[in-house]
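> One line per chain: the protein sequences are A and B, in this order. Our numbering applies: residue 305 is where the first sequence begins, and numbers increase by one. Our numbering applies: residue 306 is where the second sequence begins, and numbers increase by one.
Do not rely on the hints blindly, as some may be mistaken.
[As the list claims (entries may be wrong)] What follows is a set of in silico ranges between Cβ atoms, one per label pair, in the way DEER data are often shown:
#1 L432/B - G493/A: 33 to 41 angstroms
#2 S334/A - V410/B: 32 to 40 angstroms
#3 Y405/B - S334/A: 51 to 59 angstroms
#4 T342/A - S352/B: 16 to 24 angstroms
#5 S334/A - Y401/B: 30 to 38 angstroms
#6 G416/A - Y401/B: 20 to 28 angstroms
#7 P488/A - I313/B: 16 to 24 angstroms
#8 K405/A - Y405/B: 48 to 56 angstroms
#9 S476/A - P429/B: 25 to 33 angstroms
#10 R333/A - I340/B: 29 to 37 angstroms
#11 I428/B - T345/A: 43 to 51 angstroms
#12 K406/B - P497/A: 38 to 46 angstroms
#13 G493/A - I428/B: 41 to 49 angstroms
#14 F351/B - N468/A: 17 to 25 angstroms
[To be verified] Simulated crosslink set (DSS-like; lysine-lysine; CA at most 25 angstroms straight-line):
#15 K387/B - K405/A
#16 K369/A - K465/A
#17 K317/B - K387/B
#18 K317/B - K363/A
#19 K405/A - K348/A
No wet-lab data here; the hints were simulated from the structure. Computed from a predicted model, the values in this text were never measured in an experiment. Where a beta carbon is used, it is the ideal one built from N, C-alpha and C, also for glycine.
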Amino acid sequence: MEFHLIARSLNGVPVGLHQFIVIFTDSPRSFPLRFSRTTLTTRKVAGRDALVLGAHNIKRSSDAKYNRLTFIPFEAADLSAAVEYFGGSPSNLSNQFGYDKPTGVQFFPENGTSDLGLAVQILSAVDYYSVNENSYPIAYPLPWFGKNSNSWTNSILDVVKVANRSSIGDFSGADAANDVRIHPMYFQGRCKPCTIQNPAYR
Amino acid sequence: MHNTKPSISIIKDSFTRLLMASIFILVLIALMTFIRGVSSDIENPFSSDDWLWISLFLILWNGVPAFLSALISGFTAWGSFKSYIVCITLQLLAFYIFIYKVSSVEGNELSSSPLILLVYISIPLALMYYPVFYFRRNWIFKNSQ
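Please model the entire structure based on the sequences and the hints provided.
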């Protein structure tokens with residue numbers, strides 16, 4: 305298995321980077337997520353079987369104050385950027401003004417953790433986040449004033465066993481809020497209640 | 306009143322103003338980064354390069370129209386404020402037209418981009434930048450030239 309942290313340009317906008325995680329498996333696989341009651345099945349990314357995992361800015365409902373930071377697997381722009389990065393066809397964003405090709409870095413499990421072990425840890429974190437965020441949404445206010453997809457990826461990398469953690473997570477460019485963290489409890493279990501750190505919901 | 310300074314002096318003065326205003330922006334963004342780090346429990350707020358990118362962007366965003374306005378007021382009969390307002394108006398007009406076009410793109414992620422901040426702060430930012438760029442010592446020290 306392989307693990308990559310990828311940063312791509314934002315859709316339609318020449319400023320800003322969005323991070324997401326790609327996990328390559330050796331063959332087509334399905335991973336049931338127990339708590340969020342969904343199953344993630346690999347898809348082809350540049351000819352290889354992979355999971356594409358990212359969090360996204362979801363428009364708020366009429367009674368909510370802010371948008372939400374919600375996990376979405378295989379989001380179209382993420383998938384397209386992953387294909388481009390790993391040698392496939394150009395991204396669906398490649399014709400836009402100010403487009404930069406995706407960049408990425410590979411990360412590895414710590415000594416003593418297997419590839420499958422790290423994959424399970426990441427997916428477990430995603431599973432917990434999906435359930436917890438549904439009950440206690442993470443607000444998505446203006447950039448640099450809250451958490452976003454870059455916070456999400458870095459928060460996950462903090463709670464799983466990554467060998468080269470200190471050298472990944474901040475790409476050159478405007479990957480805003482990569483240094484902000486979602487509370488680990490969102491990723492490590494069912495939290496009731498979850499600590500809300502975003503001032504918007506205090 | 307038409308400015309009678311030599312051309313080279315006008316250009317030199319404009320560059321000096323740009324440099325001093327740029328330093329001011331750099332210090333201001335560094336301070337905001339520190340405050341943000343404290344309020345968001347970020348251990349090393351300066352470890353990320355984001356604050357440098359913000360500073361560079363704001364230096365260019367504010368500095369280019371201000372510098373042009375300084376040249377215009379230096380070489381024409383226009384006062385500094387008038388030329389600055391004209392330059393800023395053109396800049397903001399172009400910016401908001403661009404934002405409108407971006408917001409019309411299907412699935413655009415404008416709300417996730419730092420540009421959305423600029424939509425809200427571009428006008429107050431432009432108004433705040435004028436005294437920074439055109440600062441005169443006699444605004445503080447009444448007997449200074």
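> If you check each hint against the structure, which ones fail?
Hint check: 1, 3, 4, 5, 6, 7, 8, 10, 15, 16, 18 fail, others pass.
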